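Asks: Quick note, the sequences are listed as chains A and B, same order.
Under this note's numbering, the residue at position 285 of the first sequence is numbered 285, and the numbers go up by one with no gaps.
Under this note's numbering, the residue at position 102 of the second sequence is numbered 102, and the numbers go up by one with no gaps.
By construction, these hints were calculated from the structure, which means they are not laboratory data.
Since we're looking at a predicted model, the values are computed, not measured.
Misleading hints may appear alongside valid ones.
As the list claims (entries may be wrong) - Sample of chain B residues facing chain A (criterion: CB under 8 Å; computed from the structure):
1) 51
2) 59
3) 80
4) 87
5) 91
6) 93
7) 118
8) 120
9) 179
10) 202
11) 238
12) 252
13) 256
14) 278
Ideal Cβ positions, reconstructed from N, Cα and C, are used throughout, including at glycine.
2 protein chains.
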Amino acid sequence: MSPPVKRTTIRDVADAAGVSPAAVSYALRGIQVSEETQERVRRVASDLGYEANPIARALASGRTGMVGILGPSLEDLWQQRLVAEAGRVLLAHEHYALILDAGGDPMRQRVLATQLRDQQVDGLILSPVDPSDAFWSELAESVAIVSIGDALPGRGAVGEVLFDNRTGVRNALEHLHALGHRRIAVLRPPGSPTNDRPAEIYVGAEAERLELDVDVVSAPYELQKATDVARTVLAGTGRPSAVFCFSDSIAYGVYAAARELELRIPGDLSVIGYDDHPVSILLAPPLTSFSWDTERLVDVAVGMVLSAIDGHPRRRRRVVIEPNLRERASTARRRR
Amino acid sequence: MSPPVKRTTIRDVADAAGVSPAAVSYALRGIQVSEETQERVRRVASDLGYEANPIARALASGRTGMVGILGPSLEDLWQQRLVAEAGRVLLAHEHYALILDAGGDPMRQRVLATQLRDQQVDGLILSPVDPSDAFWSELAESVAIVSIGDALPGRGAVGEVLFDNRTGVRNALEHLHALGHRRIAVLRPPGSPTNDRPAEIYVGAEAERLELDVDVVSAPYELQKATDVARTVLAGTGRPSAVFCFSDSIAYGVYAAARELELRIPGDLSVIGYDDHPVSILLAPPLTSFSWDTERLVDVAVGMVLSAIDGHPRRRRRVVIEPNLRERASTARRRR
DNA sequence: TCGGTTAAGTGAAGCGGTTCAGAACATCCT
DNA sequence: AGGATGTTCTGAACCGCTTCACTTAACCGA
C-alpha cells in the first residue's frame, strides 16, 4: 500500500502551467483569476491527474467537508435507512458522512458527539437526543447542529426536523380506543434518564383523556433485547391487549415475543409501529404503522446543515413532519 | 457556529508545560520522552482541555484514521447491517468509517472508490465488487483494500473475506431439488457487466448436475425494483416453482410480488434467501435463508485493514465464511 | 499627462501537527 | 581519562493547501 507514488501536488500543477500555486488554487475554484488562466490550469491539472488533497485543504480552510451523523442506535432499521439516505444526499452535495451510533446509550451519544466535533466535522445531524440535556445546546455553540426528532432548547440548533409526536400518539391511542382496547402498553426507545420526554407527556395526557390504562416501558432497539422486554410485558398478569411501539424495530420484537408466547396478532394482541419501514408490510401480519416522508425529512435536514455550513442565512428553521397512520392487519377489535 | 473560540494547540500545551511542541507530541503518544515528562504533559494537556487536531495530524503523518466502506447498495438490509457493525468495530479501534454506497451501479462504485482513496482513507473495505475488473487490483496498489464476498485477482488486496458461494448454491439447489422443484429462478444482485460472476458459474454447474431448469436473473436490491423484477419472473409462462435469491432483500421483493399475484408461499412458490437478516424470521412465512456469522465476518475484515494500516505482516489473508442453511417455512415440497 | 481604479497574479505566512537530525548531558566500558 | 553509547529533549523542516497583503500592469477619466 501507499507505495512511493509521489502524489502530484498543487506545486506540480503550478510549475507545469507556469503560474504560482496560489493561482492554481484560485483557478481550480474558479475565482480571482482570468477565464483564460482558469482554462489553462484546469487542463494542466487534468492532464497531470491532479486531485487536491482534502486533508491539506481542510487544514488550511478549516472546513473538512464532512458531516457527522449520530443516532442513538443503528440497530434500528429506520435509523439505518436514515443514515443511508443522508449519506447519499450529502455525497450529492460533495460532502461526506461520518456515521456513528451510540449503541443505545445516551451518555455515549454525548461522548461521540464531542468526538465528532473534535474530528472537525463541519456539521452534525443528530437523530433523537434528549432535548432536556443542556449539553446539546452547548455543543451547538461550536458546530452547526441539525436535530431530528427532538427540539433543542435555546437558540442552539441551526435547524430542526421534528415529528409531530403529539398527533402520532393521539392517533395511535384513538385508533386503539376505537377498537375497544383499554389496557395498552407503550414501548419507547431508551431516552432521557429524566424520563420526561415529550412523547411520554403526550401519552399521559391522551391516556387520561381517553380513560385508558397505559403503561409506558422503555425498550431497546435491538431485536433480541426488544423481544426480551416485550416478553416481560406480555407475560405479566394484566396483559395489555394492544401495544404501541415508538419504532418498527421494537414492534418486531413484540412480534417475536408474541410468537414465543403463542399470542396471535391481531387476535390476542394488536400492535402499532412507528416509522413504517418498508419491510413492515411483509410481516405476518403486515404491521400497522405511522409513516413519514423519510426522503423529504433527510433532504430538509441535510439542506439545513449545508446551508448553515455555507454561512447562509442563519435563520433557524423548524420543519414538522406529520405522521400518517397506515392501517394494516396488526390491529383489530379487541376480543372479549 | 465556530465562534472565535481559539482552539488550544499543541504549542499552548508546550508553553504551559515548559517543553517544546515536539516533546508534547511525543509525550502524548507515549514515546521518546521520560515517564516524568509524559506525566506532566498529560496533566497540562487535560487541564487545558487539549485535543489534538485530527486534520493536522493526518496531514503531517499521512494517516487519517479513516476507513472507507463501500458497498454496492445500502438499500440492501444486510449491507446496512454490515456497515453499521463495521462502523462500530472501527470506532472501538479508534478509527472512523466513511460509508458510501454505489446505489447499485458498478461503474459508480469505481468512481466512489477512487474518491475515497483521494479522500485519504487509510484503508478500504469493499463489499461485493466485480472481481474480474482489473480496476480493483490497480486501486489496491495505492490503498489497503479488504474485499468482502469476492476475491480480487492478483496480489492486490491485503485481505479477503469470502463467502463459500459454491457451497451455498449447491445446498440451495439440492434443497430445492429434494423438494421436487425442477424449474427454478435465481435472482442475483446486479453485478459484473461481463456476467461471468463465479456465483453464476456455480449455478450453471449445479443446475446441470441436478438436471434443473434454472434461470438466472439480475435484480436490484431496492425493494420496489426487486418486486418489479420478481413480478416479471413470476408472471411469465413457465413460471418457476421456486426462487433462490442472493440476498434477503431481494427475497422480500419476491414476497411482495407473490402477494400481488396471489401466489402462496410456500404452497405455490418456494423461496430461499441469502444472508438471513434478523427480520426474515418474522415474515409471512418465515424465510428460509443462509446465515453467516456477520459479526465475525466484520471483525475479521476490520482486523485485516487495521493490521495492514499498522504496517503489520503483509501476508495476505483469506478467510472463507461457510453458509448455513436455516430451513424455515418458505420452502415446501412442490405441488403437482 | 497623471493620479486613481481595477483586474490578475504573486509571495509568504499560516493551519497544527509529526518527524528527522542533532544537541546536551549522563552513563558505561576499558 | 576519553571515546562510545544511550537517553531525553529541541529546532526546524515539512505535509499540501488557502488566503491575506501586496505588486504589476492595464485602463480610465479629466
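Asks: Determine for every hint whether it applies to the structure shown.
Replies: Hints and how they fare:
1. 51: holds, 5 Å
2. 59: holds, 5 Å
3. 80: holds, 4 Å
4. 87: holds, 6 Å
5. 91: holds, 7 Å
6. 93: With a minimum Cβ separation of about 14 Å from chain A (threshold 8 Å), the hint on residue 93 (chain B) is violated.
7. 118: holds, 5 Å
8. 120: holds, 5 Å
9. 179: For residue 179 (chain B), the interface hint is violated, since the closest Cβ of chain A sits about 22 Å away, which is over 8 Å.
10. 202: violated, 28 Å
11. 238: Violated. Min distance 26 Å.
12. 252: holds, 6 Å
13. 256: Holds, because the Cβ-Cβ distance from residue 256 (chain B) to chain A comes to roughly 7 Å (cut-off 8 Å).
14. 278: holds, 5 Å
In summary, the structure is inconsistent with hints 6, 9, 10, 11 from the numbered list given earlier, while agreeing with the others.
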